[in-house]
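A.B. asks: Same order as they appear, the protein sequences are chains Y and V. First residue of the first sequence: 1, per the working numbering; consecutive thereafter. First residue of the second sequence: 1, per the working numbering; consecutive thereafter.
One or more of the hints may lead you astray.
Unchecked claim - The calculated lysine-lysine pairs, modelled on BS3-like cross-linking and capped at a C-alpha distance of 30 angstroms, are: (1) K353/V - K168/Y; (2) K175/Y - K68/V; (3) K175/Y - K25/V; (4) K174/Y - K68/V; (5) K137/Y - K25/V.
Everything labelled a hint here was simulated from the structure, so no lab data went into it.
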Amino acid sequence: MQLSVVKIPALLILILACIRCSAQFSAGIEGGYNKNYLVTNNSNRAFTNYFPLNGFNIGVPVQYQFTEWFAVVTDPSLIQKNYGQERSSFFQGVYQNNYNSYLQLPLTGRILFGGKRLKGFIDAGIYGSYWLSGKIKGVNANILDLTTNNTATNSIFDYQNRYGYNEKYIFDKKKDNRLEYGWIAGLGAGYDITTRYHVFAEARLLYTFTDQQKNYMTNQMPRYNSTYGINAGIMYHFHNNRTTK
Amino acid sequence: MKAKYLLLFVVLTASFFPSCRKDLKNVETPENYIGGTFDEVFEAFWNGMNANYVFWSIETTDWDNMYKTYKPIFAKLDINKTADAQKSVQYFRAMTAGLKDSHYDLSFVSQISDSNVSPAYTRKLNAGILRKRYVFYSYDASYYLDSASVLSGHDEVNASNGDTTEAITGTIGGNILYLGFNKFNLKTAYQSADNGVKSVLQYFINYLHNPPAGFKGVIIDVRGNPGGDISDLNFLMGNMVSDKLVIGATRNKNGNGRLDYTPWADALVTPQADAKAVTVPVVALTDIWSTSMSELTAMAIHALPKGHTVGEKTWGANGPLTSNEILNGGQFSAAGFLSVYTSSAMFRYKDGKIYEGEGFPPDYDVPFNIADFQNTGDLQLEKALSLMK
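In isolation and in its complexed conformation, chain V is listed as follows (with noise of 0.2 angstroms):
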């Protein structure tokens, strides 16, 4: 009888066993998709930004709901008429119109027209804040830099495509130190063999090591400036602190689901060799052009103790970027047929604050105006050398 019991009870209990589980499906690399049919490209890049986009926790974008809404019509195009390869560029468009991440870009393999797809950019243009790009360095060493003291050079050695890094340092009343440059490579050019960047920032560095008596203040020029490389954040502002400077935190995934996130870690600048504290006035000029780069080294001002911003919101495109495998997460390619260009942690200021597409407001607003600038000067410039007087 007892026997007959232990056989019920084991078949009984053994017959609730079976998987109560999900099944773990196969889940596979964007890039490993074939991308035979659209279907195949809308799974690829859908899974793709699931996985690997870090802006997750911020955005309001309904992603699952764009799930639902493109698949079907993704799988009714053809990957073989361009007519189609067309309209799905409206399609990604569509889907991506609302995220933050103002790094977002989305470059096809194929040759279509009018295939830009930048949130961030189309958001500007459409809310009519865009104007023109420019960089100011060249008109504020003509007309306000001591000519005696302006140096200028292009990095002809790192340059690539033909795009060169150029840099201009001088003063502004014989104490105060300027550097304006049009993007972030700064640390390759000082490190590389003579160039004109390096003789800029040999300068600009020996100067901060050894500032003369009556030293007033530095200004850092990053509007127009679209960034660059990251290590330039402790190349530049490296030489102007003496012990680690927190300016935030980062975090990115660790792991597939769209809020899978490491803890916050600090964002730091480290001194550089010789580094001496900046104890005077150091403004960041800003503008709407401000971008990646240029915001951190503007937060990075901004979080010395005497620290200012000045000119216009940044871009708001603060997360840092490197290759996926790195941080397990940001740009990717789909199915052979996009490239998501797109931030790789997730970057917050230390006020707490994510201007992850908000853009990083200046201490002194002071909007740029081309009649203002030509009539009167670059007023930016001129409200960064009042906080030195």
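Here chain Y stands alone, though its shape is the one from the complex (with noise of 0.2 angstroms):
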């Protein structure tokens, strides 16, 4: 779905709205954890499932304050998204872990609620990322290495022996799509120590609508990330336009 004409101006103009004079300028540093999901449909593979796998992200949050409840933020990030396929029953010990990195562009709107120094805050906004690189750790059954002499019948390993890889990931120009957007929401709190800084802390979920691969068969299956993830970070005012009591 294309993002509608009339919704992005809506967004602007509410932005534009909230914009006042006591602006505030911070930017900090901040990582998180996160658990990303494949959200695909491959239930014509037997024994075949895909699971979501932990990843970490680092980033410099960017924020512009314009009044006590709004801000705009960004935070620059390099954020892993990874995921595994695993096959069960007599495959089972076949997998592959995929490690993927980007690098992510996020344009949030900040609501921002509660006391003076505490504050809770709800995100929502958009995002682009850049698949940077991956790398692929899994055990393969390798038909040309049979096993000799092996007697047991219940596993797919005693009939052709493991194969074990841990490499980096070949993009295939034709296929892979490292253009990623998609939408952000976040829910967080903050808290100023002084007049200066201010920590905080947020869960997030970073919902891709652009498929990994490019459009490039007929009955395409599409393949999207989902990140559940949550973030700690410091950020630094600049320009203090109030006093904390």
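Take the two lone chains, each set in its own frame, and fit them into one complex as the hints suggest.
C.D. replies: Here's what the structure looks like:
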């Protein structure tokens, strides 16, 4: 779905309408932990499932606070969006973990609420990211490395030897879509530990709406990342227009 | 005022969140399609190929274009009409004509006349490079092998539909070991109760493990050999190496996308018990009918320090086969109407080239000519012998 030509201006108007003279600029660092799910359908594949994997992210949050209760935030980040594929039953032990790193640039509106020093906030916005690199680690059964004189028959590895790998993922220009866009929603809280320093923590959802694959074949099954994470960080207020009691 | 803005913010942003994603449609195995119409059969076949065929990365066939072209054509066919069933075979043949997989073959559940769909066979036939298939080991045993050394036999124990394995071994000039056989089912024969092939293999393996002084070389004749059991790669070649031998690599599908592959995994020959590395020349005799395991065996021989191939370029069907669920790809059946015989993995030789659809070229090209053969003898074997002088 394309963004509606009505919705974007509406959001911009909302942001502009909120601008006040009491602007405050802050920047800092943050880090976080996430769990990424690959959303797709491979129900036709025998004993094969995708599963979420944990990842990390670091970023540089930059906040421009227009009013006591509204700010715009961006946090250029390096983020992992990892997932795995595993096989079960007779194929137990066959798996592949995909470790993918993205350079991500979000833009979110932030509604602040609460007291003077301790504030809660809600974030909503969009992001774009670029799939920088990938690594694949896994074990497969090797059809041209058969076992010899093995009498057990309850696992694929009784017939074919394991092939373990841990290597850089080579992008396929025809298949891999390295640009990703999506929505961000977040809920968090921050605390002004001094007039200049502010710590915060946030739970976030990254909801991708671009397929990881280019549209390279008919009847293509899309693959989307959905990432749930928690972030924590510290920011420095550069222009403080209010005093802390 | 603030609460109003907050509410507006939440409502506006929430309105953006309805799914911007495409639907994740049901994806069925091609076997699950009912096949009550040709439209269903086409969908099952086309999608089955999309997800299970392993050579898309090297194909030139525009499979999407096949969908656009043939979906409306199949939709007009009536599955209850014999004439339409025959037409469907022509369309399947046209859709698959350019596929590189040289194992590829379609078979139809119902009896349909003129229903052979084998792209590699048709291409070779049209190119005029097919000739009658021969095996040469009986001739070679009569005219080249030391008569006192010749040992031949059949495996009647593991025959299926009257199709038995036969093998011949012996020496040439007392110090060159020869083995010829009609198909790869050697390990099974060797591990079964007494049979003629087992005796042949015992002789051959014992010779390799205990070579006489002056041992000059080994000739393995896979001409006219259509291949067979993949476990014979270790069984046969593993008796000529003392360490694992990398002959190439394989990869298979790991997703439904045409280009979803596992990483390449080394294709290995594992030494067998008591095996010694063969340090003398080993020659594979190949021809255009050397297929599948015959080709992998020839490539494994070529990968040996003193390995050579002599004869003709092979058939070009190198990808190993197993059942679909093992490697999540390869052969399948579609809507109860047809079965697709196709490789389960892609094979790449150790030189980095994929010979699927091309055939493995011999080091020494000695084309077969029936007149030369009748007048002069087995020139391919003679070339192999010349490498062992």
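A.B. asks: If a hint holds in the structure, say so; if it does not, say that too.
C.D. replies: Status of each hint after checking the structure:
At most 30 angstroms may separate the alpha-carbon atoms for a hinted pair to count; K353/V and K168/Y meet this at roughly 21 angstroms. About 21 angstroms separates the Cα atoms of K175/Y and K68/V, which keeps this hinted pair within 30 angstroms; it holds. For a cut-off of 30 angstroms, the pair hint linking K175/Y to K25/V stands: about 20 angstroms separates their Cα positions. With a C-alpha separation of about 20 angstroms, the suggested pair K174/Y and K68/V falls inside the 30 angstroms cut-off, and the hint holds.
Taken as a hint, the K137/Y and K25/V pair is honoured in the structure, with Cα atoms around 29 angstroms apart against an allowance of 30 angstroms.
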